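Asks: Going line by line, the protein sequences match chains B and Z.
Under this note's numbering, the first residue of the first sequence carries the number 1, and numbering increases by one thereafter.
Under this note's numbering, the first residue of the second sequence carries the number 1, and numbering increases by one thereafter.
There could be a bad hint or two in this list.
[Said to hold, decoys possible] Subject to a maximum C-alpha distance of 16 Å in a straight line, what follows is the list of computed EDC-like cross-link-like pairs (lysine to aspartate or glutamate):
1) Z/Lys46 with Z/Glu129
2) Z/Lys74 with Z/Glu218
3) Z/Lys184 with Z/Asp70
4) B/Lys344 with Z/Glu95
5) B/Lys374 with B/Asp227
6) Z/Lys184 with Z/Asp80
7) Z/Lys85 with B/Glu347
8) B/Lys344 with Z/Glu98
9) B/Lys267 with B/Glu254
Rather than coming from a laboratory, the hints here were simulated on the basis of the structure.
Just so it is clear, the structure is predicted and the values come from calculations on it, not from any experiment.
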Amino acid sequence: MFEKALTGSKGYYIWVLFLLAVIGFGATNYLRQYFYGLGITGMSKDVSWGLYIGQLTFLVGVAASAVMLVLPFYLHDHKVFGKITILGEFVAIPAVIMCVLFVTADLGRPDRVMNVLRYPTPNSMLMWDVVVLSGYLVLNLFIGWTVLGCEKRGVAPPIWAKVLIYISIPWAFSIHTVTAYLYAGLPGRGFWMTAIMAPRFLGSAFASGPALVILLCYLLRRVANFDAGREAIQSLAKIVTYAMVASVFFIICELFTVYYSQVPEHKNHFNYIFTGLHGHSSFVPVMWTSAILALIATTLLIIPSTRKSDSVLPIVCVMVFASLWIDKGLILIVVGFIPSPLEKIMEYAPTLPEAAISIGIWAIGALILTLLYKVAVAVRKQQEYYNVTEAAH
Amino acid sequence: MDSTRRDFLKIAGLTALGLGAKPAADAFAAAGGPRMTQNPQALKAKRWAMVINLKKFKESGKEALQRCVDACHKAHNVPDFGNPKDNIRWIWPVELAEALPTEENQYLHKFHEGALRDFPVLVLCNHCEKPPCVRVCPTKATFQRQDGLVLMDYHRCIGCRYCMAACPFGARSLNWRDPRPFIKELNREYPTRVRGVVEKCNFCAERLAVGKPPACVEACKNGEMAFGDLEDANSDVRKLLRDNFAIRRKPQLGTQPQVYYIV
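Using the sequences and the accompanying hints, generate a full structural model.
Replies: This is how it looks when you write it as structure tokens:
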């Protein structure tokens with residue numbers, strides 16, 4: 001089946017070569033980091049996690065959101081998703097791989113990463129994150145490949161694949177819950193210590209992931225002549241709408257608790273991002289960009305005419321994705337450290353090598369996604385071709 | 001053919017040698033071989049604790065604070081990068097409001113300028129009884145000893161910095177880059193670290209093991225700091241805590257810090 005990824009149009013080859021070039025650029029920067037140390041990044045004693053862990057957090061959400069296609073199709077027999085469920089599963093695979101790469105890029109001693117397996121420590125949420133993420137990767141690899149292979153041969157997926165699919169549904173929720181627990185259980189980090197962290201994570205994940213799949217559907221229609229179907233895209237748009245409304249609601253809950261209670265350990269962080277704190281305000285424009293994008297996107301999603309418009313929906317999806325990427329991939333992690341436990345403000349901005357490494361990892365994800373989608377679309381088209389010729393006879 | 005014969009003889013010879021050596025090896029094993037023994041002078045306790053007397057530090061002046069910092073950083077090969085981004089600290093002076101954010105009081109601060117609350121406070125790892133850093137470490141590279149000391153295995157640490165996120169006291173530092181060129185004066189009694197691992201105050205476990213008090217405590221001339229067994233009614237720390245009012249940093253978090261501040 002993989003041979004289908006090896007042949008393609010000129011545009012396909014150019015795209016793949018472009019991604020390889022970006023990956024090479026990221027890799028050279030990673031070598032610089034490897035030999036110099038993490039000091040090459042913008043992180044410091046006070047802000048000890050940054051862009052890398054932010055990307056991990058955001059991408060776990062993207063990976064988990066595959067369940068928003070799997071669940072309606074397999075549990076509710078929502079047939080319009082039949083054609084695109086595989087697209088969701090195939091988003092999850094590169095997303096989890098990117099997560100692993102981002103964690104590795106963030107390690108001070110990547111050569112010792114196996115210590116996590118050599119000395120398993122159940123009281124560390126990080127160990128559980130490794131367990132659920134690797135499990136989820138294996139599940140999606142098996143499910144995606146098997147289902148597609150069966151489709152290629154025109155047979156129903158085996159019963160064990162169905163079992164794996166049912167397991168993957170709660171598993172998807174678990175990966176993002178555990179990721180939230182990484183942060184939500186730390187004493188002395190007021191920004192993170194909130195019981196709504198996991199629900200908030202799931203809400204924003206189920207908006208950003210399906211928004212990405214919608215965008216990919218539009219893209220496939222253009223570049224691969226593959227039509228996901230209007231109904232499928234509109235179903236996804238409804239999911240994005242509900243998830244976005246839930247996300248905004250969760251954030252309102254957060255803001256109410258923080259600002260009505262006025263407890264400084266919690267409030268200082270929010271002041272820092274919304275108004276600036278003690279003259280430090282580098283995150284204020286970033287936060288407001290995310291908030292305004294979220295509000296506009298949610299409004300446009302709720303209004304049926306804009307949600308149903310093929311020209312507005314892609315823009316809305318870009319807004320959703322960008323807003324939530326800023327919120328989760330940038331602000332959520334960094335601001336947990338600002339102000340520090342000693343109420344000091346050390347500002348953070350990613351450095352160029354740090355950004356280059358991150359872009360390189362995103363390019364690895366994009367490359368894996370491209371190859372997987374190429375296979376999936378080729379198999380789909382072949383099936384359609386057989387169906388048409390069979391019908392003609 | 002010839003080489004095969006030679007190989008055979010080699011293997012046979014080695015085997016014979018091995019068989020001959022076995023009794024000797026057994027004899028060594030029976031004798032016990034090299035064994036870890038504890039220094040009879042090692043200081044021991046059920047629960048180590050530290051007392052920092054803010055009043056005495058104010059009397060002694062800021063040089064006294066710096067003496068403690070220098071003694072510690074010299075004893076442990078703590079590098080000085082000279083910038084706040086890379087810096088590593090085991091013990092360092094901060095404003096009272098930073099050490100005890102919950103004690104921040106806008107009125108007292110305004111009314112009592114120059115009072116005790118304007119004098120810097122030394123902060124360091126609190127060697128919490130319930131350490132969040134140990135709870136989150138995915139490799140057990142940071143662990144708690146029976147006597148309460150929270151220590152680091154620099155050779156196991158993967159540099160994930162989860163412990164730095166978990167510590168409510170900002171007591172931990174990562175080696176963001178190779179620390180060795182930034183060590184002013186190398187102390188051969190204590191290891192240096194490599195880039196990419198986390199470190200922090202260890203309550204001078206290596207000094208306790210040879211019967212010496214922590215370096216910072218030793219550097220105090222007027223008893224500004226004390227160190228001892230909290231479970232021993234006759235220890236220095238117990239006597240100080242009996243006769244003085246002491247507070248701890250962020251006790252509300254339930255980590256049970258073992259550094260007490262006399263105010």
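Asks: Check the hint pairing Z/Lys184 with Z/Asp80 against an upper bound of 16 Å on the C-alpha distance.
Replies: Given pair Z/Lys184, Z/Asp80 holds - Cα atoms ~7 Å apart, limit 16 Å.
Asks: Holds or violated: B/Lys344 with Z/Glu98, Cα cutoff 16 Å?
Replies: Holds: B/Lys344 and Z/Glu98 sit about 7 Å apart, inside 16 Å.
Asks: Hinted pair, alpha-carbon criterion (16 Å max): B/Lys267, B/Glu254. Please report holds or violated.
Replies: holds (11 Å)
Asks: Please work out if Z/Lys74 and Z/Glu218 have their alpha carbons no farther apart than 16 Å.
Replies: holds (13 Å)
Asks: Under the criterion that the straight-line Cα-Cα distance not exceed 16 Å, is the pair Z/Lys46, Z/Glu129 satisfied?
Replies: Judged against 16 Å, a Cα distance of about 12 Å means the pair holds.
Asks: Z/Lys184 and Z/Asp70: Cα distance at most 16 Å?
Replies: holds (11 Å)
Asks: Just to be careful, I want the Cα atoms of Z/Lys85 and B/Glu347 compared with a cutoff of 16 Å; is the pair within it?
Replies: It holds: about 10 Å lies between the C-alpha atoms, which stays within 16 Å.
Asks: For the pair supplied as a hint, B/Lys374 and B/Asp227, confirm whether the alpha-carbon distance does not exceed 16 Å.
Replies: Between B/Lys374 and B/Asp227 the Cα gap is close to 14 Å, so the pair holds against 16 Å.
Asks: For a C-alpha distance cap of 16 Å, please report whether B/Lys344 and Z/Glu95 respect it.
Replies: Measuring from Cα to Cα gives roughly 10 Å; hence the hint holds.
Violation of the numbered hints given earlier is absent; every hint is satisfied by the structure.
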